[in-house]
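Here is how the chains run, residue by residue.
2 protein chains.
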Amino acid sequence: MSVTAAKGFTAAGIAAGIKENGNPDLALVVNRGPRRAAAGVFTSNRVKAAPVLWTEQVLRGGEVTAVLLNSGGANACTGPKGFQDTHASAEKAAEVLGHSAGEVAVASTGLIGVLLPMDKLLPGIEQAAAQLSEHGGEKAAIAIKTTDTVHKTAVAQGEGWTVGGMAKGAGMLAPGLATMLVVLTTDADLEAAALDRALRAATRTTFDRVDSDGCMSTNDTVLLLASGASGVTPGEAAFAEAVRTVCDDLARQLIGDAEGASKDIRIEVVGAATEDDAVEVGRSIARNNLLKCAIHGEDPNWGRVLSAIGTTAAAFEPDQLNVAINGVWVCKNGSVGEDRELVDMRFREVRITADLAAGAESAVIWANDLTADYVHENSAYSS
Amino acid sequence: MSVTAAKGFTAAGIAAGIKENGNPDLALVVNRGPRRAAAGVFTSNRVKAAPVLWTEQVLRGGEVTAVLLNSGGANACTGPKGFQDTHASAEKAAEVLGHSAGEVAVASTGLIGVLLPMDKLLPGIEQAAAQLSEHGGEKAAIAIKTTDTVHKTAVAQGEGWTVGGMAKGAGMLAPGLATMLVVLTTDADLEAAALDRALRAATRTTFDRVDSDGCMSTNDTVLLLASGASGVTPGEAAFAEAVRTVCDDLARQLIGDAEGASKDIRIEVVGAATEDDAVEVGRSIARNNLLKCAIHGEDPNWGRVLSAIGTTAAAFEPDQLNVAINGVWVCKNGSVGEDRELVDMRFREVRITADLAAGAESAVIWANDLTADYVHENSAYSS
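In order, the protein sequences belong to chains V and L.
Residue numbers for the first sequence follow the working numbering, beginning at 1 and rising by one.
Residue numbers for the second sequence follow the working numbering, beginning at 1 and rising by one.
The shape of chain V in the complex, shown without the other chains:
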């Protein structure tokens, strides 16, 4: 599965020694062609890690031969030396693979503000290249984990073509792309521009609507590589749907594995005047710490939902708002609705529906609850 589900790709994942605990920390994904088209979307955080700045440049050419990914260090806020290190990593991969460094994308994840141990990373690239395999997708997915408890892969089959992918991310998940690294591959025969359209459309309603903890990363990267090895050029709609399906699957896996979370919260905003209104309201609900605590405590505290809605600029009248939690309309017309005792919140997934009664647009945002475990994971050590 993973990034080697589609024909024309090899991958590897190894332990280069970047992580002190000896876990896998370096992945390599190589596009064997015949085509080497690529598209990418990146964090909208203005503080961008060195590999993001590098890979944005690489993507301008529309061709990517290889993606080098490391966990164990984000190489963010590392100044000119950090950028030199990313450049040197790409050069090393290009040298080993016999390609141009200008076609090597780089992605890093881990602690911000620490330089990567280049004495371990550079030999690791040689080691990873030696292990490249058409069955290496799982190992690559494992090597990019940080605080993830499981590795994340997904696949969608078209007629004669495939889209597969891997993702990592378990914290700092917020719009403008969740904190994550994602590599998608396809053997469909498509040019960079077509990949770009499909990828942007897919991320807009999947990764961009994941808001685990409101914190936006410096390193978010989603890449889509096409080898053309199937020889099939799918219709634009079918391909877009396959990419969206894989992104949605991976995004749900990110929420399901978020740091310290005990609940996955599906926030659907309906009755909005515009989709932007629906997204704004959904994010405000998703980021309300008091509500996130209440959900953790299995308390259907709809007052906190209304408080969150009230901070937005969306079109609505306070006395027309309706809120359902797990199907029970606990708030009607901005006031007390059905009996909150009817709400069953024992399961991991909690569904909040907020009806703005102002139009016909809607959006879904996924979030997590706020738990003592989240606090522990993010206070007990640097990450």
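If you are wondering where the hints come from, they were derived from the structure by calculation, not from laboratory data.
Zero decoy hints are in this set.
From the structure, some residues in chain L lie toward chain V, with a derived Cβ separation under 8 Å:
1) C77
2) G79
3) C331
With a straight-line Cα cutoff of 20 Å, these simulated EDC-like cross-link-like pairs (lysine to aspartate or glutamate) come out:
4) L:K81 / V:E338
5) L:K81 / V:E317
6) L:K7 / L:D189
7) L:K81 / L:E91
8) V:K81 / L:E338
9) L:K81 / V:D339
10) V:K81 / L:D339
11) V:K81 / L:D319
Ideal placement from N, C-alpha and C gives every residue a C-beta, glycine not left out.
Given the structure of chain V, go ahead and fit chain L onto it with the hints provided.
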């Protein structure tokens, strides 16, 4: 001291039975004149509690004779019945005090979405009125507590006049006014317009810059009442400074008693192109859950500060940002600065300085850390 520090005011605080645990829950503050000028500022949440809607109307007249406050129920999201209850409470207080209901401000705090027990509240008003005293300020301050562990009062002395006040608030503290009820009183002889100017100027840089948990309340109310009993009309600057001093003192007390917090975080943004930029950056830092967890863990994780700054639209260049934690410049020019081991974070107050290197403006935002105790307090029961 509290609301009876200034001449011309009486107050009371009693247990009316609104809270099931029998703690004090009803406060009354009465302006004995000769002047009854007043000003107020309210939550900017669009979902406003019934008492906020009522008191906004009262304030339009510029005169307030009495303030009736209850804890044990916010009377928010309670529909037309909730507004009728607020109105009936004001009518009852007016009847007992021999004034017009149109001069009785009402403020409520507690759980959202629950009607107040009027059968207890209305008799409680009579009881409170019977206990009004020139020494009742402390009891009034105690009666408005919810999850507050201590009651909060402050006072500032002018030349022949006094400003005093009380506040409650321990959660849902965020800009657009922290979740809180505040009543300030003065015996200075000033008209409503002068009070309004002083109050707006004071709250703009005090309560509006407290961001304990990013959650904005439906009930925030700050009132300033002037009795004129001193016979002194202070200069505008001296009076404004006294009001600001009392607001600042109370705002710091709110942060110091925030739910579950173990640290008070003073975030100073300097080198900003505009004050608005400084406030936007300060709030973004204040609301970053990952940073709040790191501070709890006494980890000087400046990368999370940069991540938060990077999500704003403020003027800055990423490679010119500088960050100090407790005086140690751990980030210089967007990269690694002084040794983070030098940062001593053992004390409750933590100072973060973010230098945008883009101008000469600055702002201070106060926040709290994120702790397992915060999660527990806000998930274990409805509040």
